[in-house]
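Trainee: Residues per chain are reported as follows:
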Amino acid sequence: MRIFILAILLVALIIGLMIAVYGYTTKEVHAIPWGLIVVGYTFFALVATGSSIVNSLYTLFGYKGPDGVFEKIIRYGVWFSLVSIVPAWILILLDLAKPLEGFILILVSFAIESRIYWMAVLYALFGILLIVELIYMIRVKAGEGHRTFKVIELIIAGLVLLVTVLVHSNLGQVYGTMIAIPGWFGAHLAPLFIASAVLIGASGQALYIALYKWRETAIRSAITLLYSWVYVLVILLYVFILGWVIITAWYSMAWISWREIIRGAFALEFWIVEILLGVIASLALAAYAIMKRNFIAMSLASILIFVTGFASKYSLIVYHQVVALSPVGLPMMVSYTPGLDEILMMIGAFIAYIALLLIGTLILPLEPGEKPKRLWIFR
Amino acid sequence: MTRLAHLWDMSRCIACMACVVACASANYPEHMRSEKLNPQWRWLASNIRVWWINGDGRPRILLTQCMQCDNAPCIHACPTGASHRDRETGLVEIDYSKCIGCKACVVACPYGARWMDPLVHMPRKCLGPECMRRLEEGLKPVCVTVCPANARDFGNLDDPESSISKRILKSAVIRLREELGTKPRNVVVVGGDLP
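So the sequence lines, in the order shown, correspond to chains V and P.
Residue numbers for the first sequence follow this note's numbering, so the first one is 1 and each next one is one higher.
Residue numbers for the second sequence follow this note's numbering, so the first one is 1 and each next one is one higher.
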């Protein structure tokens, strides 16, 4: 049965990659330079790094979670963070004109002034560190006995968190240093990205772990409490930062695009999807889940946060380009709808992502104390 | 030092679009036979962009192209160093052997002066290949040559004897969106000859 499922997942992985590559071969130029593909890249990058921040509560700060649940789910959490960076890489490489040479050309150019150069360096570091962390976690049962092992584990976890924060900070700068897009320009995007990343990373992680652990009553109850608390605290933080972003925008050129988002062409989406569903409903569900230890409410909140998290990235990246300034500083609006090429690349990357996530769960020893049986690297 | 730049005289321009068409046909002739021209601007595959401005009930046009900024955001944004400043001409150029088509330069330009070529998925900008060739031969870019109203000029801003410097001296000129700190070199003449 296991082999059969593995075979199906491998086929799904190949199909996903083929759809993405087919989308790439039909690629077109669109009205805005950074469209759906860059939204997808940013979203998955934030899922990976946000999930990694949640993991660091245990790996670095030693928080064991309600009923010590972190110990039972941490390997799942690290695997989720690691694999979530893959669709981000797939999408950003497919967005390039030269996907195969692109990454190498960036690394060897040493264009240190460019934020995108640092993005490539930091994502490579992030991936490598997470692989090291996962291997180390599986090979060494840290905490039991040797103090040195514990110290090494802490150093790796510290480096992962450092790189994660740097990634967010740099991603904020990729957008925040674009003087051409007033809606992005400024220092506010890094903290907004961190808060948003923790939310969507935690929600993705919660859904993935719930898929495997929903039958185990103790874990189900504990993850309900753990993730719901993360949602409540971080949604409040996110709203605080978003509020300040909008207040600041009111007094600057950024208002030309924010005005359209808040009370113009995109207002319905902003108030219904981002605020009503993404903030108010998610907050209410998470609070209810805490009070009643209700797993369904936590799962619904996770779905809402994950989906509206994507919508908010779409809004942040696309709408601020759609409403732009002309060379004389007058507002102008272009029309953008994602093309079939972009949709195919997104769907393909998503199928490949899910397939890879499930394949890893099948073959990796992710249960606490589980001995590696298959892959030599973990033995 | 050489600081080449364009001048566009708004007060002389008759909006015939000869410069736009000349740029497209000289620099990107392959696009003239293609169905995909310039989907990003919904326009010809030309490095000159036309902005229609409705102000005071009187429609006006503004023609822009790469401003050859001294503090060019496209150069700072480029992750491979493909967008760079040529040491001899001082022009902002693209090294296509290094360009990966990430579009960061297109997003970074506050003048919307770059467009993505749908045939190769690479950014294009002024000066195009044919104009660069003309420059090497000591000729002016095609848009300057074809203008029937003498509304365009091109030359070295640091040479007081160049035609562009002389025109700037006796005209009322502006540089677009200087408040951004990009230090654009290109000038727009907004008024007639100064006394």
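Everything labelled a hint here was simulated from the structure, so no lab data went into it.
Don't be surprised by glycine CBs; every beta carbon is placed ideally from N, CA and C.
Hints may be right or wrong, so weigh each one.
[Stated by the list, open to error] With a straight-line cut-off of 30 angstroms between C-alpha atoms, the simulated DSS-like cross-links for lysine-lysine are:
(1) P:K36 / V:K98
(2) P:K98 / V:K98
(3) P:K98 / P:K166
(4) P:K98 / V:K27
(5) V:K27 / P:K140
(6) V:K150 / V:K292
(7) V:K150 / V:K213
[Unchecked claim] Chain V is faced by these chain P residues, among others (derived, beta-carbon under 7 angstroms):
(8) A26
(9) P29
(10) M32
(11) W43
(12) C78
(13) P110
Trainee: Please work out if P:K98 and P:K166 have their alpha carbons no farther apart than 30 angstroms.
Mentor: Not OK: P:K98 and P:K166 at ~38 angstroms, beyond 30 angstroms, violated.
Trainee: At a threshold of 7 angstroms, is the proposed contact between P:P110 and chain V supported by beta-carbon distances?
Mentor: 4 angstroms, holds
Trainee: Would you check whether P:P29 satisfies its interface hint, that is, whether its CB is within less than 7 angstroms of any CB in chain V?
Mentor: 19 angstroms, violated
Trainee: Hint check: P:K36 vs V:K98, CA-CA at most 30 angstroms. Holds or violated?
Mentor: Distance of about 20 angstroms is within 30 angstroms: holds.
Trainee: Would the hint linking P:K98 and V:K98 be met if the CA-CA limit is 30 angstroms?
Mentor: Holds: P:K98 and V:K98 sit about 10 angstroms apart, inside 30 angstroms.
Trainee: Decide if the proposed pair is consistent with the structure: P:K98 and V:K27, CA atoms, cutoff 30 angstroms inclusive.
Mentor: Since the Cα atoms of P:K98 and V:K27 sit roughly 21 angstroms apart, the hinted pair holds (cutoff 30 angstroms).
Trainee: With a cut-off of 30 angstroms on the C-alpha distance, tell me whether V:K27 and P:K140 pass.
Mentor: 36 angstroms, violated
Trainee: Should the hint that P:M32 touches chain V count as held when the rule is a Cβ pair under 7 angstroms?
Mentor: Violated - the Cβ of P:M32 stays beyond 7 angstroms from chain V, reaching only about 17 angstroms at its closest.
Trainee: With a cut-off of 7 angstroms, does the beta carbon of P:A26 approach a beta carbon of chain V closely enough for the hint to hold?
Mentor: 21 angstroms, violated
Trainee: With a cut-off of 30 angstroms on the C-alpha distance, tell me whether V:K150 and V:K213 pass.
Mentor: Given that 30 angstroms is the threshold and the Cα spacing comes to 27 angstroms, the pair holds.
Trainee: Hold the hint about P:C78 up to the distance rule: shortest CB distance to chain V must be less than 7 angstroms.
Mentor: With Cβ-Cβ at 6 angstroms, under 7 angstroms, it holds.
Trainee: Closer than 7 angstroms between Cβ atoms is the bar; does P:W43 clear it against chain V? Give me holds or violated.
Mentor: 11 angstroms, violated
When held up to the earlier numbered hints, the structure conflicts with 3, 5, 6, 8, 9, 10 and 11 and fits the remainder.
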